[in-house]
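Novice: One letter stands for each residue in the lines below.
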Amino acid sequence: MTATALTRRHLIGTALAAPFVLGRPAAAAAGARVAVVGAGFAGASCARALRRIAPEIAVTLIEPEARIVTCPFSNLVIAGMAEIDSISHGLDGLRAAGIEVIEDRAVGADPAGGAAGGTLALAGGGQVGFDRLVVAPGIDLRFDAIAGYDEAASAIMPHAWKAGAQTLILRDRLEAMPDGGTVAIAVPANPYRCPPGPYERASLIAHYLKTRKPRSKLLVIDGKDSFSKQGLFLDGWAELYGPLVEWIPVSQAGSLLGVDPAKGEIVTEFSRFVADVANIIPPQRAGALAQTLGLAGEGGWCSVDPQSFESLLVPGVHVLGDAIVAGAMPKSGFAASSQGKACAHALAALLGGQAPQAPSFINTCYSLVGPEYGISVADVFRVGGSGKIEAVEGAGGTSPRGAAPEVRRDEARYARGWYASITADIWG
Amino acid sequence: MLGGEAMGAARRGAMFGLVLTSLALPAGAEMARGDKLAGSCAACHGPEGRSPGEIPAIADIAPEEMARLLGAYRSGELEGTVMNRIARGFTDDEIAAIAAHFAALR
Chain A
1 MTATALTRRH LIGTALAAPF VLGRPAAAAA GARVAVVGAG FAGASCARAL RRIAPEIAVT
61 LIEPEARIVT CPFSNLVIAG MAEIDSISHG LDGLRAAGIE VIEDRAVGAD PAGGAAGGTL
121 ALAGGGQVGF DRLVVAPGID LRFDAIAGYD EAASAIMPHA WKAGAQTLIL RDRLEAMPDG
181 GTVAIAVPAN PYRCPPGPYE RASLIAHYLK TRKPRSKLLV IDGKDSFSKQ GLFLDGWAEL
241 YGPLVEWIPV SQAGSLLGVD PAKGEIVTEF SRFVADVANI IPPQRAGALA QTLGLAGEGG
301 WCSVDPQSFE SLLVPGVHVL GDAIVAGAMP KSGFAASSQG KACAHALAAL LGGQAPQAPS
361 FINTCYSLVG PEYGISVADV FRVGGSGKIE AVEGAGGTSP RGAAPEVRRD EARYARGWYA
421 SITADIWG
Chain B
1001 MLGGEAMGAA RRGAMFGLVL TSLALPAGAE MARGDKLAGS CAACHGPEGR SPGEIPAIAD
1061 IAPEEMARLL GAYRSGELEG TVMNRIARGF TDDEIAAIAA HFAALR
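Respectively, the protein sequence lines represent chains A and B. End of the first sequence sits at 428 in this note's numbering; the numbers just go up one at a time, nothing left out. End of the second sequence sits at 1106 in this note's numbering; the numbers just go up one at a time, nothing left out.
Hints listed in this document are in silico derivations from the structure and should not be mistaken for laboratory results. Warning: the hint list may mix true and false statements.
Just the calculated beta-carbon pair ranges, DEER-fashion [stated by the list, open to error]:
id : chain 1 : residue 1 : chain 2 : residue 2 : range
1  : B       : 1031      : A       : 409       : 51 to 59 angstroms
2  : B       : 1071      : A       : 95        : 53 to 61 angstroms
3  : A       : 98        : B       : 1064      : 29 to 37 angstroms
4  : A       : 83        : B       : 1080      : 30 to 38 angstroms
Just so you know, even glycine gets a beta-carbon here, dropped at the ideal spot from N, CA and C.
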């Protein structure tokens, strides 16, 4: 697909008739323009931080959806614990912060590299000029990775790994399932968006089943033999749900070979499962625009400079969030927001003719094992001697095992508090 | 991301009582540094530390008190749910810069 990733001038699509080079030398920050693609956790955080740090820089944010529906907390919607409105955020808060928001899809760009800037082409026909481009496209699901699991299959066996319509499909299928049915979640191998996410989903679906359809069964068919916060999740499942939940590691069932949506069938190397409701989370890669612009490497993810997030393949273009390889940082909303803010600082420096300073990042992933049972993993990150983003030694870690119920209740409250705070910070 | 509770305990190890000498940056650069270090605090504590939800706000804590609290979380003298793990990622110097950042917002 993108064999020419190493060329500095990468002409894309038919939207551009000819390359558009501004020919401007390294601009002082005043009058500089940054275009940001994607109003999710990373892109919106970057755009907002830029307005705050360097108000002389003009920021344009391009996003196809009028409302961002967050993957974080979508598991509550799936389990019938929250409405989808509660996880949906409009873009007017970003406009009020002085960001020009264009509701359209970016389809191509000519980033000429270096300080010369370029032009972004939009599906609606418009163009956006920029001195620096930030691409935060999230992920795409790989519909070529599991036999029988194409995009059409996801209407019957939803992934719900992009929130919105898919979230409601999975919720509705659970609601329609009779008591005594079988739910299966197929979890991919690393790396994927939100390492603990599938297990929080299993937790809250188990809660739904235990309270509403207690004769049912939930199978977690894993492409791995271990997972994020594993001990904590398994302890919590044993305590709250007992034999209702069964985790099946890859060494037991073998890797996932294919599915048959019409039959509800999931076939692995050593086993075959039939589920009334199947949630297939396939392997992933960086979102489509990253592929189109030649930002992604062989594995499908984007490699970037750890201080500035500038693409290692296309100069002048910065990539953020789930789409990137970020050293030890996981693919999470919190990490994406942290990266977005660090990138804003770096852009302000670069556009002001200075080198970016060392960034600092935090990630905290809260997971709800049950409505009143929260757990977390946290880390602080710096750019290490290796030149990669590393977790700070001696810091970070997971919630303690065997903690008192009050601790689990506090972390469940803080999980909700995190969501309120971060969404206010980004889209409020 | 490092996995496993056992690994977390091992990594805590001998957390240093190292105190870095102040970096003597010019005032503007020091404030920018505080801004960068404090950037991710908002994810839990809300924009400018004004938390809209269950997590405590930190917007109106005096800088000496904030530095004391972060140091106490770091040493384990004060028991939190997640703050012990996070505070251990910052030096005295960085804690001071973060506290100054929030003080300047008041």
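Novice: Checking against the hints above, which ones are violated?
Specialist: 1 and 2
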